[in-house]
Amino acid sequence: MVVPIYYYLILSAILFSIGVAAFLIKRNIITVFMSIELMLNAVNLTFVAFAHHWHQVSGQIFVFFVMVVAAAEAAVGLAIIIAVFRTRNTLNVDAVDLMKL
Amino acid sequence: MTSTADLHLWPLWLLPVVPFAGFVANGLIGRRLPKPVVSAIALIATLIPFLQVTNIWLHFKSIPVPYVENIGTWIWTGAFHADFAFQLDQLTMIMLLVVTGVGFLIHIYSVGYMAHEEGYWRFFAYLNLFMFFMLTLVLAENFLLMFVGWEGVGLASYLLIGFYYLKDSAAKAGKKAFVVNRIGDFGFLLAMFLLVAHFGTLSFSGVFAQVTQHPEWQGGFLTAIALFLVLGATGKSAQIPLYVWLPDAMEGPTPVSALIHAATMVTAGVYMIARTHVIFDRSPFTLGVVAIIGAATAFFAATIGLVQTDIKRVLAYSTVSQLGYMFLACGVASYASGIFHLVTHAFFKGLLFLAAGSVIHALGGEQDMRVMGGLRTKIPITFWTMTAAVFAISGLPPFAGFFSKDEILYQAFLSPNGGKILWFIGLVTAFLTAFYMFRLWYLTFFGQSRAADTHQLEQHGAAVHARADSTLVMEAEAEPDHGHGHGHAQGVHESPRIMLGPLVILGILSVIGGWIGVPAAMHGHNEIASFLAPIFGGEGAEGSNQLALTLAVVSTLTALAGWFTAHVFYYAKPELPAKLAQQLRFVYLLLLNKYKVDELYGVAVVGPLLLISRYLLKGLIDTGVVEGTAYAAGYTAQGFGALVARIQSGNIRSYAGWLSLGAAVLLIVTYFGLTAHLSLR
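Just so you know, the sequences run in chain order A and B.
Take the first sequence: its letter number 78 is residue 1447 in this note's numbering, and every next letter is one higher.
Take the second sequence: its letter number 119 is residue 416 in this note's numbering, and every next letter is one higher.
Label pairs and their in silico Cβ distance ranges:
(1) A/A1440 / B/G931: 49 to 57 Å
(2) B/I918 / A/A1390: 57 to 65 Å
(3) A/A1443 / B/A927: 49 to 57 Å
(4) B/Q935 / A/A1440: 41 to 49 Å
Some chain A residues well away from chain B (every beta-carbon gap over 12 Å; in silico):
(5) E1406
(6) A1420
(7) F1454
Don't read these hints as lab results, they were simulated from the structure.
For every residue, glycine included, the Cβ atom is placed at its ideal position computed from N, Cα and C.
Please put together the full structure from these sequences, using the hints given.
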């Protein structure tokens, strides 16, 4: 049985929307960070689905790139989060607003 | 061709440059030099030109006139060309003699008069600067260089009127002179533009040659040029309607009044008309205008002079009036007699001012004639020299003014267009002149000293004199003391010799100065007219000797009548003037208030100008349009910036919100195919 592509796309859209919503709503930096990962992986899902659908390998390769970048991003991001927590003793994003006019 | 070098004469450009060197020396380091050095520099810087002019005069017959000395190109753009060129001819010669001669005498006098003043070096620097510009004006060979001198003497005049710059009235008088002169200079400028447009050159010889070649040119644009030149001349020579600055210019030190505002600068307008007479001769209308302006100014200023109480103001109005005579002479195309009167006027009016300065000096700064009197025996040399000048200006034979004024009246009488009326106005003015000059003479030198009755006098005419007195008192207080702390009733003293020398020399010139122009009717040769004949051509109309003699007798009798009237009013029956002033109160007040011309100009010109400037130009145009545009641009950027700055809140989640909003918008746009429409456009 072949699963139609729109199943994957709908799932991906749902995941992405959850990611966006969490990104906007949550105040904890780590949660925000996790929602970004969620969005990235939702996009990955569409890449894989389309790659399978069109029998093209480039979609799969893109996913690997995304995962590499996401890993690097996670490393840097977590380092920043730790640095922020050390100086400000909080992980609330609303409290970190020094960069304003 | 011979040049000045062959005759062992110095080049002409040295004439103005030497005083300029004096100005630079005194102006730059005069402050640190002792007074004798300052005066030595200034005197040498005027003595050298005087000697040079004398030398030129002695060799004048062997110089090919008009002799033009071209120093170099000044402006050369396309078809237009102007040089630094100086010119020597008969007219220049006479002006040079007057300017350097009288100028040098007044420099000598100033050494004594200004001896105790602050800013001694400044005074002499300005005086030398004036000589520089005046000589440039006189020597210039083209309109443009003449204009440089013309503006420059105006600058020197402004600086010297405002010499006591701490005194408000002096600063204002300087400004007034400058602004009023600007109006005249505007006319001069327009005349030059027209000259360039029509002739393509500003050189005197170039313009006059073209006019001479085209006898068919009559009136038309020549009238326009001449009228603009007249406007310039009325400003510089203090004629109606621009005469108002000259009486106020008396705020300057007295030697300045003598040199600039009597003998030389104010005659520049007359010189200019005489110099450009070729143009004027083609425009009978303009000549008529000049004659009417001259006659009207002569009469009008003389009437104001009748009732003034400040000795210098009487002389100022007298100067305006005498300049009117010169204009009248030019207006009836008798330029030689105008220049003749210019020369004699330089002698006797220069002397009158210097003598008045000597009186003021003797009285420790007092200028009000009502508190003078009885000075005849106390300052005898001043008295006798002033007497010579008074007789000269009143036109009594054989003093200088008689011949020149008589010549003008004679020429006016012979003039075909309304000459008799002009002559009659001139005659009445001669009567008035004699009257106010002898009034000054009697009030100053005869009777008892009235210094003690000052207070009483002021109360007597309190209402009438309120305004005049307040200014006088202020002037008396502000007048820098000449270093004599005494009240004037006690320590009246004759001036030092350095001041009396020029007085005596000018006194002699006031007596004999007119003999250069004794008319043929009196068995003279009228040397000055024949000397100037190469420039002006023969004098126009010639009447019979009998007519000339009759007119001379009439004008002499008129002058005597003026003297007699003044004698009755101010010597025989001194109570008479007050009575008459009571009876003719309206006329008296009108004259005392100078016909309220200043007030009229204030309402008609200055007021509207201020209103327009303040509300229309400043309020609407400047603040509204110019400033408004700049502010609008600034505020727009600022407001927009403030709005956009809110986006950068520092709140990460709001950034995220904007990001997702943008993404959503892009998504919707893509979905509904709006991009297709947009790209189609």
